[in-house]
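S.K.: Below, each chain spelled out in residue letters.
2 protein chains.
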Amino acid sequence: MAHTVELIAVGTELLLGNIANTDAQMLSQELSALGLNVYYHTVVGDNPQRLRAAVEQAAGRADIIITTGGLGPTCDDLTKNVLAAAFGRQLVPHRESAERIRAYFHRAGRVMTDNNLRQALLPQGCVVFPNDWGTAPGCAFEAGGRHVVMLPGPPSECLPMFRACAAPYLRGLSEGVILSRTLRVFGMGEAAVEEKLRREMNDLTNPTLAPYAKEGEVELRITAKADSDTGALALMVPVEARVRQVLGDLIYGVGVSSLEEVVLPLLEERGLTLGCAESCTGGLLAKRITDVPGASKVFRGSIISYCNDVKEGALGVDRKLLDTYGAVSPQVAEAMARGAARAMGCRVALATTGVAGPGADDQGNPQGLVYTALWTGEKALVRKLRITGGRGRVRLVAASHALDMARRWLTGLPERDFNQ
Amino acid sequence: MAHTVELIAVGTELLLGNIANTDAQMLSQELSALGLNVYYHTVVGDNPQRLRAAVEQAAGRADIIITTGGLGPTCDDLTKNVLAAAFGRQLVPHRESAERIRAYFHRAGRVMTDNNLRQALLPQGCVVFPNDWGTAPGCAFEAGGRHVVMLPGPPSECLPMFRACAAPYLRGLSEGVILSRTLRVFGMGEAAVEEKLRREMNDLTNPTLAPYAKEGEVELRITAKADSDTGALALMVPVEARVRQVLGDLIYGVGVSSLEEVVLPLLEERGLTLGCAESCTGGLLAKRITDVPGASKVFRGSIISYCNDVKEGALGVDRKLLDTYGAVSPQVAEAMARGAARAMGCRVALATTGVAGPGADDQGNPQGLVYTALWTGEKALVRKLRITGGRGRVRLVAASHALDMARRWLTGLPERDFNQ
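So the sequence lines, in the order shown, correspond to chains A and B.
11 is the number that the working numbering gives to position 11 of the first sequence; each next residue is one higher, with no gaps.
306 is the number that the working numbering gives to position 306 of the second sequence; each next residue is one higher, with no gaps.
One or more of the hints may lead you astray.
BS3-like, lysine-lysine: derived pairs with alpha carbons at most 30 Å apart [claimed, not checked]:
| no. | chain 1 | residue 1 | chain 2 | residue 2 |
| --- | --- | --- | --- | --- |
| 1 | B | 196 | A | 320 |
| 2 | B | 297 | B | 379 |
| 3 | A | 384 | A | 196 |
| 4 | B | 379 | B | 320 |
| 5 | B | 297 | B | 214 |
| 6 | B | 225 | B | 214 |
| 7 | A | 384 | B | 297 |
| 8 | B | 379 | A | 297 |
| 9 | B | 214 | B | 384 |
| 10 | B | 384 | A | 297 |
| 11 | A | 320 | A | 379 |
| 12 | B | 214 | B | 196 |
| 13 | A | 214 | A | 297 |
| 14 | B | 196 | A | 214 |
| 15 | A | 297 | A | 196 |
Listed next, with one range per pair, are the computed distances between beta-carbon atoms [stated by the list, open to error]:
| no. | chain 1 | residue 1 | chain 2 | residue 2 | range |
| --- | --- | --- | --- | --- | --- |
| 16 | A | 198 | B | 168 | 36 to 44 Å |
| 17 | B | 271 | A | 244 | 55 to 63 Å |
| 18 | A | 125 | B | 188 | 22 to 30 Å |
| 19 | A | 238 | B | 319 | 43 to 51 Å |
| 20 | B | 202 | A | 293 | 50 to 58 Å |
The hints are simulated quantities; they were obtained by calculation from the structure and are not laboratory data.
By construction, the Cβ of each residue, glycine as well, lies at the ideal position given by its N, Cα and C atoms.
Just chain A, same shape as in the assembly (with noise of 0.2 Å):
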């Protein structure tokens, strides 16, 4: 039987939403990777008496405890002292930890507070991990058929300290290992994705499917375990099959999180740069090509023309065109395509137009209607959709259009009517 997992993060500023529970969400992806499973996330303030509460709730369901947080050198840092008591055992001094408090504040040329040695006090018997990403050490220790681990709370210090001594000392315990694979989806919602699957993530246990919504894209997460990665990758592999069979090139990445990830890697295996005329998304599909590091291989720029002088002035789109079509019409996006090829020297351009909202734009175009076009050197492609969802997501899929429009003719893939 698999170990089962409670994470605890203490601290008044995680109930006053100053920070989120980005501990829990970075141990939980180790956890699993190390087959444990977590069952429940726990956040409770600085408060002996809930924190008290909350570790009893855990030792009654969950066979490894573990705390983020509250071992620091204020009074208000009480986690050491809640779960030793609540497992029966005392605070000692440990030496080792004081001298490297003492080299630490010695190192940083600050002065040390007394109540920095409060830090030293740990579990008897515990196993210490030392802290070198900080001051305050963690630990852990088995009672009553119970494994106890602490970490500290800051990111910086948490994750670093269970991968070098948490880990190692949860590996003993687990049996086997999860791994999992993701495949994103981009072009079907997830309620169709799930009707065409629903048997496979109904019946399977080992692996298991699962979807989940990511705005405006699904990610499909197949989840094995064995007691090798070579036996979880081969229990993987006819349910990707399967997958691949019902959506097709609607998957467009595995272990990726964004077209845009897959895209610029594309652009440049071929060499090719690329440049946007954005007017709906009004730079998001600028701003999210640019979050990815090192962009500036394949990409030249955008031209934001979020009026028409600006298409006519800086895209060259002929006047006649938007008079005619108006700015919200397949004529357009390719003009617009065509013009920051031209007025950014790039290969490839993409070209966004449409109605973003709230509401119809001044011509009665519908909130929702876009227009994406492509501009691959020799021809231009054009997609005409209607988004759901408010601003920003009309925003956001919109540009998630454009970059698989380049994904698409970029991999050989026949374009697709979204325009039914």
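We have chain A; now place chain B onto it with these hints.
M.R.: Below, chain B alone, put in the same frame as chain A:
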């Protein structure tokens, strides 16, 4: 006695570390502004037994239970079923919600799979929260002295639905009125703001003063409880006066959520048009400006010049400047702003050029070195910045500085030197 709230986030993707529980962070901020005490966050997977256990747990220690997630169309969306069962309610079809979902797909010109209608099954007699940001409606009901609120999981639906529907519902439960005013601060870090206002933050009880770190900014929230709005407002006056005395013109707005929301109306009032030239922000500046509905009234466009050819060609930056000073220089920042105004025929222009990273650029300029420029139509101002943090933060803070330059000039404030 103040109500106590427990947040329960439902989703295996949270326990796998696929995403962080940002809903809990956002809702905790909103709830504390309503004067409600949040004592626990719980995260549980898409598992009916464990969700049921978490709900019963919460019912024993909180009088308001707010769930996020698990309202969608797929079969692992089980929040409504479990909570209805836990509190002895039937799920019944809600005609209006079904119509809204049908209409949502109709507007999209998309085929609606039947499982989408599961989203219109709601607990009998509940208050329905229509979803204007997606498909799954939320709801609230009272049972056995407990209030249950269910919200969708996607942050883009959860937060707006909370503000539009759940907050008014909850406000009705608390005795008296709780009002809060949020002051937005740009140009000083959270630690420094806390340092300057620590006494007020620690000592004040009604109203309370609390800081919230927002990416690159600080939000200060004054929250007062009284019998009436006027009473609550009166309590806030001296606290706001004190905060303004300390932070002065670093406070850029009250009840606003971004610099762009402040800058666009200021431009409109003066009948000014705006354009941008972006290098290191890569479209983020224009994206933020066009996030604001109606931006087209003042915003003409942005030229994202991610290479020198585009700086020269589309913005008319003198090649000599680029060769002599390099793209990351005050001279080029100014030339980009002037060039944007010229190329797009706008009166006011903002420009950014710098090193977003990762790492230094090929000229040896360090990551985080950024110049932002403002062209007012008569004169150019340039800000030199050393922005800490990773690529994402450098880009975000650089865009904020550009907007802050416009904000200060438009409100007649002297430009600030951030180059200490």
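S.K.: Each of the hints needs a verdict: does it hold here or not?
M.R.: A quick look at each hint next to the structure:
About 60 Å separates the Cα atoms of residue 196 (chain B) and residue 320 (chain A), which puts this hinted pair outside 30 Å; it is violated. The suggested pairing of residue 297 (chain B) with residue 379 (chain B) holds, with an alpha-carbon distance near 23 Å, which does not exceed 30 Å. A hinted pair counts as satisfied when its Cα atoms are at most 30 Å apart, and residue 384 (chain A) with residue 196 (chain A) qualifies at roughly 25 Å. With a C-alpha separation of about 21 Å, the suggested pair residue 379 (chain B) and residue 320 (chain B) falls inside the 30 Å cut-off, and the hint holds.
With a CA separation close to 28 Å, the supplied pair residue 297 (chain B) and residue 214 (chain B) stays within the 30 Å bound. With a CA separation close to 25 Å, the supplied pair residue 225 (chain B) and residue 214 (chain B) stays within the 30 Å bound. For the hint pairing residue 384 (chain A) with residue 297 (chain B), the CA-to-CA distance comes to about 26 Å; that is within 30 Å, so the pair holds. Pair hint residue 379 (chain B) plus residue 297 (chain A) does not hold up; C-alpha atoms about 34 Å apart against a cutoff of 30 Å.
At roughly 22 Å between alpha-carbon atoms, residue 214 (chain B) and residue 384 (chain B) fall within 30 Å of each other, so this suggested pair holds. For the suggested pair residue 384 (chain B) and residue 297 (chain A), the alpha carbons sit about 26 Å apart, so the restraint of at most 30 Å is met. For a cut-off of 30 Å, the pair hint linking residue 320 (chain A) to residue 379 (chain A) stands: about 21 Å separates their Cα positions. At most 30 Å may separate the alpha-carbon atoms for a hinted pair to count; residue 214 (chain B) and residue 196 (chain B) meet this at roughly 18 Å.
A distance of roughly 28 Å separates the Cα atoms of residue 214 (chain A) and residue 297 (chain A); the hinted pair therefore holds under the 30 Å criterion. For the given pair, residue 196 (chain B) sits about 41 Å from residue 214 (chain A) by alpha-carbon distance, which is inconsistent with the 30 Å threshold. Between residue 297 (chain A) and residue 196 (chain A) the CA atoms are separated by roughly 39 Å; this puts the pair beyond 30 Å, and the hint is violated. Distance hint for residue 198 (chain A) and residue 168 (chain B): a CB-CB separation of about 37 Å, consistent with the stated range 36 to 44 Å.
As the Cβ distance of residue 271 (chain B) to residue 244 (chain A) is approximately 56 Å, the hint placing it in 55 to 63 Å holds. Hint check: residue 125 (chain A) to residue 188 (chain B), Cβ distance near 47 Å, so the stated range 22 to 30 Å is violated. In this structure the hint that residue 238 (chain A) and residue 319 (chain B) lie 43 to 51 Å apart at CB is violated, the actual value being about 59 Å. The hinted range of 50 to 58 Å is not satisfied by residue 202 (chain B) and residue 293 (chain A), whose Cβ atoms lie roughly 42 Å apart.
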